[in-house]
Amino acid sequence: MNSFEKRCAEIRREVMEMVIHGRRGHIAPAFSIVEILSVLYDHIMNVRPHEPRWPDRDRFILSKGHGCMSLYAILANKGYFSKELYKTFCKPEGILGGHPEEKVPGIEAPTGSLGHGLPISVGFALAARLDGRSYRSFVILGDGECNEGSVWEAALAASKHGLDNLVVLVDYNKYMSFGKTRDVCDMEPFADKWRAFGFHTCEVDMVKEPESLIQLLKGLPFTAGKPSAVICHTIKGRGVPFMEGNLDWHHKSKIKDEEIREIMDHLERDHA
Amino acid sequence: MRKRGLEAIYKLACEHEDVLYVGSDVGKGTLSQFQEKFPDRFFVEGISEAYVIGMAAGLAMNGRMPYVNTIATFLTRRCYDQIAMDVCLGNYPVRLYANGGGLVYAPLGPTHEAIDDIALMRALPNMTVFAPCDADEMERGILASHDYPGPIYFRVARGGDPIVSKSTDGFQLGRAVVHQEPGDVLFVTTGVTLQIALHAREELAKQGVQAGVAHVHTVKPLDRETLEPCLEKAPHVFALEEHNIIGGLGSAVAEVIAEGARHPKGTFTRIGIPDVFPDTYGRQENLYARFGLDANSVVQKVLEKLNPL
Numbered sequence: 024m025n026s027f028e029k030r031c032a033e034i035r036r037e038v039m040e041m042v043i044h045g046r047r048g049h050i051a052p053a054f055s056i057v058e059i060l061s062v063l064y065d066h067i068m069n070v071r072p073h074e075p076r077w078p079d080r081d082r083f084i085l086s087k088g089h090g091c092m093s094l095y096a097i098l099a100n101k102g103y104f105s106k107e108l109y110k111t112f113c114k115p116e117g118i119l120g121g122h123p124e125e126k127v128p129g130i131e132a133p134t135g136s137l138g139h140g141l142p143i144s145v146g147f148a149l150a151a152r153l154d155g156r157s158y159r160s161f162v163i164l165g166d167g168e169c170n171e172g173s174v175w176e177a178a179l180a181a182s183k184h185g186l187d188n189l190v191v192l193v194d195y196n197k198y199m200s201f202g203k204t205r206d207v208c209d210m211e212p213f214a215d216k217w218r219a220f221g222f223h224t225c226e227v228d229m230v231k232e233p234e235s236l237i238q239l240l241k242g243l244p245f246t247a248g249k250p251s252a253v254i255c256h257t258i259k260g261r262g263v264p265f266m267e268g269n270l271d272w273h274h275k276s277k278i279k280d281e282e283i284r285e286i287m288d289h290l291e292r293d294h295a
Numbered sequence: 011m012r013k014r015g016l017e018a019i020y021k022l023a024c025e026h027e028d029v030l031y032v033g034s035d036v037g038k039g040t041l042s043q044f045q046e047k048f049p050d051r052f053f054v055e056g057i058s059e060a061y062v063i064g065m066a067a068g069l070a071m072n073g074r075m076p077y078v079n080t081i082a083t084f085l086t087r088r089c090y091d092q093i094a095m096d097v098c099l100g101n102y103p104v105r106l107y108a109n110g111g112g113l114v115y116a117p118l119g120p121t122h123e124a125i126d127d128i129a130l131m132r133a134l135p136n137m138t139v140f141a142p143c144d145a146d147e148m149e150r151g152i153l154a155s156h157d158y159p160g161p162i163y164f165r166v167a168r169g170g171d172p173i174v175s176k177s178t179d180g181f182q183l184g185r186a187v188v189h190q191e192p193g194d195v196l197f198v199t200t201g202v203t204l205q206i207a208l209h210a211r212e213e214l215a216k217q218g219v220q221a222g223v224a225h226v227h228t229v230k231p232l233d234r235e236t237l238e239p240c241l242e243k244a245p246h247v248f249a250l251e252e253h254n255i256i257g258g259l260g261s262a263v264a265e266v267i268a269e270g271a272r273h274p275k276g277t278f279t280r281i282g283i284p285d286v287f288p289d290t291y292g293r294q295e296n297l298y299a300r301f302g303l304d305a306n307s308v309v310q311k312v313l314e315k316l317n318p319l
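If you read the protein sequences in the order shown, they are chains A and B. Using the numbering used here, the first residue of the first sequence is number 24, and each one after it goes up by one. Using the numbering used here, the first residue of the second sequence is number 11, and each one after it goes up by one.
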């Protein structure tokens, strides 16, 4: 296991620390974005964790807000807040809720209602241009989330404005809440849709070659004057075989000790 | 009113660099002077209201003050979720300039008639709801808005409404204006129903009934300090609004009355659209008459209340 894989396994274990205390959450949707988040926060984005409102920071929105446990873990690891907060996940005294809000250091916009992140990210990218700043606006969308019309309204606008400081990363894990994405509302041809909406679009296999995303994003913008999109092929629930592609784990509450132990066993094994 | 409000937005933009104009697809040539002078701060984004609100919120999160101009029904009904989560939750200064509040678009039918906008906006934490009575008051509201925190909903009435507000009213966002102290009757108005109340008041005076008028241009936050003494004084209170009787000004006033601010033997009547969608076309005045919102109908309702059969 290389250092990147170790990092991702550690983030998943820390997600489970939140679950141990909160006994609920969208674990599988969180696990599918761990590699993308690690690439962004460890290798690509210019941020200052101890100065979360630094004006020149790259902006990031997790538009599929239900995957927030992985984002919390990354943010805590970068130093935005203490890992002690994991213990308060979804608790009355805590700030780490089941969907992220701006009261959490490092969270730029509240998400959880799907289809909101890209429009706000377009606003960020336009604000950078207006203010003459060079920061970039990154956003992760879920594949199911891309059913929302507002995503495509915003895509039209991003293209119209030629926002080459905007980067869409689609977590294409092929599953929604009810069933497979292709059965509930097929997005294929997915990459071609983004291309048709004016994005320079690439695809990355986040299972076999997750680190290739680093090299790819180092080449941003892909095309001057065009927004960028990366379709990231992921696995929902990645890292835990019985969770991968298992709809029961989209969201779960009253999670039992035994289930947590089983998940941790898999993650420990990977970590060894 | 619409034009004067837009011109006031342009005036603000000349003074404050953070002011932006964001339109969807309304009105050829709208604010061409703004577009010419500040092309970078002038956005026309297409018929995509959900996106427009998110985008405006994203700009506001980065220190800008967007004035979003489109039609009231599309602004409120279509992208309620975006207004709630992207704008109100974080209390960002996005300004919603909502054309066609009430029955302005009578000939265009229910798709364009904002009969529920005050109720929808009023229910959102952090939102300020402003419904001026005339172009002067709209201009005052816009000019005052730059220094006012949080999101604001501007309910825009039809153009050419008679000017009844005065520069001596001591305008302040959030403060009600008492035009006449209450007598036997008190009208509480918002938007252009102030004009209707003033007409009704004249007519009632001829018949020996003294009516007061309290104008509530800011429906939320409601100016209880000004309203409560008026409500306590008047035996018969009538809330008058170009809106469904559910959820708007009448409901807001009813809440204050129910919580204790009332005349010991007082009555309270909501006059507005009786929880129906308009089912005919014509002019705004035709629908006023249909729903009993014209001055004559209002006078009749008051007299019936004062002299029950």
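Heads up, a few of these hints could be off.
What the hints assert, rightly or not - In the DSS-like style, the derived pairs of lysine-lysine whose C-alpha atoms are separated by at most 30 Å in a straight line are: (1) A:K249 <-> B:K47; (2) A:K183 <-> B:K315; (3) A:K277 <-> A:K114; (4) A:K279 <-> A:K249; (5) A:K101 <-> A:K114; (6) B:K21 <-> A:K183; (7) A:K126 <-> A:K277; (8) A:K203 <-> A:K231; (9) B:K176 <-> B:K243; (10) B:K311 <-> B:K176; (11) B:K21 <-> B:K47; (12) A:K29 <-> A:K249; (13) A:K249 <-> B:K38; (14) A:K275 <-> A:K114; (15) A:K183 <-> B:K275; (16) B:K176 <-> A:K183; (17) A:K106 <-> A:K249; (18) B:K216 <-> B:K275.
Hints in this document: simulated from the structure, not taken from any laboratory.
Taking the hints in turn, this is what the structure says about them:
no.	hint	verdict
1	A:K249 <-> B:K47	holds, 27 Å
2	A:K183 <-> B:K315	violated, 59 Å
3	A:K277 <-> A:K114	holds, 14 Å
4	A:K279 <-> A:K249	violated, 47 Å
5	A:K101 <-> A:K114	holds, 23 Å
6	B:K21 <-> A:K183	holds, 28 Å
7	A:K126 <-> A:K277	holds, 26 Å
8	A:K203 <-> A:K231	holds, 21 Å
9	B:K176 <-> B:K243	holds, 24 Å
10	B:K311 <-> B:K176	holds, 28 Å
11	B:K21 <-> B:K47	holds, 11 Å
12	A:K29 <-> A:K249	violated, 34 Å
13	A:K249 <-> B:K38	holds, 28 Å
14	A:K275 <-> A:K114	holds, 16 Å
15	A:K183 <-> B:K275	violated, 63 Å
16	B:K176 <-> A:K183	violated, 45 Å
17	A:K106 <-> A:K249	violated, 38 Å
18	B:K216 <-> B:K275	holds, 25 Å
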